[in-house]
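Those protein sequences? They're chains A and B, same order as listed.
Numbered continuously in this note's numbering, the first sequence closes out at residue 252.
Numbered continuously in this note's numbering, the second sequence closes out at residue 136.
By construction, these hints were calculated from the structure, which means they are not laboratory data.
No residue lacks a Cβ here, since even glycine has one placed at the ideal position from N, Cα and C.
Hints are supplied without guarantee of correctness; some may be wrong.
Derived lysine-lysine pairs resembling DSS-like cross-links, with alpha carbons at most 25 Å apart [said to hold, decoys possible]:
no., chain 1, residue 1, chain 2, residue 2
1, A, Lys98, A, Lys130
2, A, Lys211, B, Lys68
3, A, Lys202, A, Lys145
4, A, Lys147, A, Lys171
5, A, Lys211, A, Lys239
6, A, Lys182, B, Lys73
Negatives, chain A to chain B, calculated, CB over 10 Å [claimed, not checked]:
no., residue
7, Phe123
8, Asp136
9, Ser173
10, Pro175
11, Val187
12, Leu188
13, Ala204
14, Ser237
15, Lys239
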Amino acid sequence: MSANKLRLVFNFLLICFALYSCSSVPEYADKEENSMPNKIGKSVEIKQQVSEVTDGHKKNTDSVNIEKENQDDAISIINTKNPNQFNRILKINARSKKSIKDDGIHDANNPGAVLLQNPQEAFSDLPIAKGGNSVDWVKAVELGKIKPRSDLYNPDAVPLVMDLNIIREVKGSMPDVVFPHKQHTEVLDCTNCHPGIFVPQKGANNMSMAKNLMGEMCGVCHGKVAFPLSRCTSCHSQKKAQKEIKQTNWKW
Amino acid sequence: MRTKLLANLFFVLVSFLYSIESNAEYGDVVLNTYAEASGMKPVIFPHWFHRIRFTCKVCHSDLGFELKAGANKIKMIDILEGQFCGECHDGETAWGSERCDLCHSGNSEMNTHVERSSLQNLLNTEIGREPKAQVE
């Protein structure tokens, strides 16, 4: 074999390997809902019976193999849920079941990684919310599940809470935004937001969802640490005041 | 021929990168401002662990952490002097700075970013890492 041919074969193998490593299947739907042991078991049994009957007739080994493959395909189709299910390609937001060693950012060879706590262990008792950590942090504090200190040294320090709702009228068709100072001042100081991020003056802050998505304004925390922007109605929570439609009397 | 081979190799490398999936927790901060340049693994800061114990203001106001990943130019000498992380990570309240591997626990070649943040999702959904050119 000439050197050129060898190179070609090598290239072909490389491409094959590349395609193989590309086709890593991410975890889509959660397993609990997928695994319906009784139903799947029954259907598999039926399938096996059917294949036995067909085996009774003399058939080529190839056709039997193809049948088996088809059967496997059928089982895999049964295994996957309804093909028209919701969130077909979205990852389920449920809490990650992987340990901290296999989360993709931690070094698995690090001996210290064993000592680090797994988030699912810490979250086991906390109320569930959609998105982010799948933890409703505000509710967790309200229920007393967690008691975050508001001072490094004094565990009994009480935060300075201001109860003031700011209602921002939004330009689009979404409901108006209600900003509760109470939930924010329970965990933050005034200086965290004012005047660096928000000018404490009505109409002085030009906000948009684009800015939030890029990590500015509310996006400094929301979408990074605090609940994500996908929870629209958590902020856009007040129905817009119905504007009076001016009726004109047409005179012909 | 050599260029083709190189191209294939590059393709394999890129596909490897794509096959890496991140199951990291929302809000985990990867810090690699100085770490890898100094021969250490990147630092992973788990927000979820710390917010169970302290409110945001303790670190972001009292300890002076900026609200942006990588905005605090923290060096080990600052921590040893008891600033920033060193306020708690002193060997009494939390593990001390001799336990290098507990903080410097990240995979190599990761840029400073917040895991699963909306900005990161916008820039890059599959690789799970922010590209080299960061949007300021």
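Comparing the hints with the structure gives:
For the given pair, lysine 98 of chain A sits about 19 Å from lysine 130 of chain A by alpha-carbon distance, which is consistent with the 25 Å threshold. For the hint pairing lysine 211 of chain A with lysine 68 of chain B, the CA-to-CA distance comes to about 15 Å; that is within 25 Å, so the pair holds. For the given pair, lysine 202 of chain A sits about 36 Å from lysine 145 of chain A by alpha-carbon distance, which is inconsistent with the 25 Å threshold. For the proposed pair lysine 147 of chain A and lysine 171 of chain A, the alpha carbon gap of about 38 Å is over 25 Å, so the pair is violated.
Restraint check for lysine 211 of chain A and lysine 239 of chain A: the C-alpha separation of about 23 Å stays at or below 25 Å, so the hint holds. With a C-alpha separation of about 32 Å, the suggested pairing of lysine 182 of chain A with lysine 73 of chain B is violated against the 25 Å cut-off. Not every CB of chain B is more than 10 Å from the CB of phenylalanine 123 of chain A (nearest about 8 Å), against its label as outside the interface. Distance check on aspartate 136 of chain A: its Cβ is at least 13 Å (rounded) from any Cβ of chain B, clearing the 10 Å threshold; non-interface status holds.
The beta carbon of serine 173 of chain A is kept farther than 10 Å from every beta carbon of chain B, the shortest such distance being approximately 22 Å. No Cβ of chain B comes within 10 Å of the Cβ of proline 175 of chain A; the nearest lies about 20 Å off, and the non-interface call holds. For valine 187 of chain A, the condition that its CB be more than 10 Å from all CB atoms of chain B is violated, with the nearest at approximately 4 Å. Interface exclusion of leucine 188 of chain A from chain B breaks down, the closest Cβ pair being 5 Å apart, not more than 10 Å.
Non-interface status of alanine 204 of chain A relative to chain B is upheld: no Cβ of that chain comes within 10 Å, the nearest being about 20 Å off. The beta carbon of serine 237 of chain A is kept farther than 10 Å from every beta carbon of chain B, the shortest such distance being approximately 20 Å. Taking the minimum C-beta to C-beta distance to chain B, about 26 Å, the non-interface status of lysine 239 of chain A holds against the 10 Å cut.
The earlier numbered hints that this structure contradicts are 3, 4, 6, 7, 11, 12.
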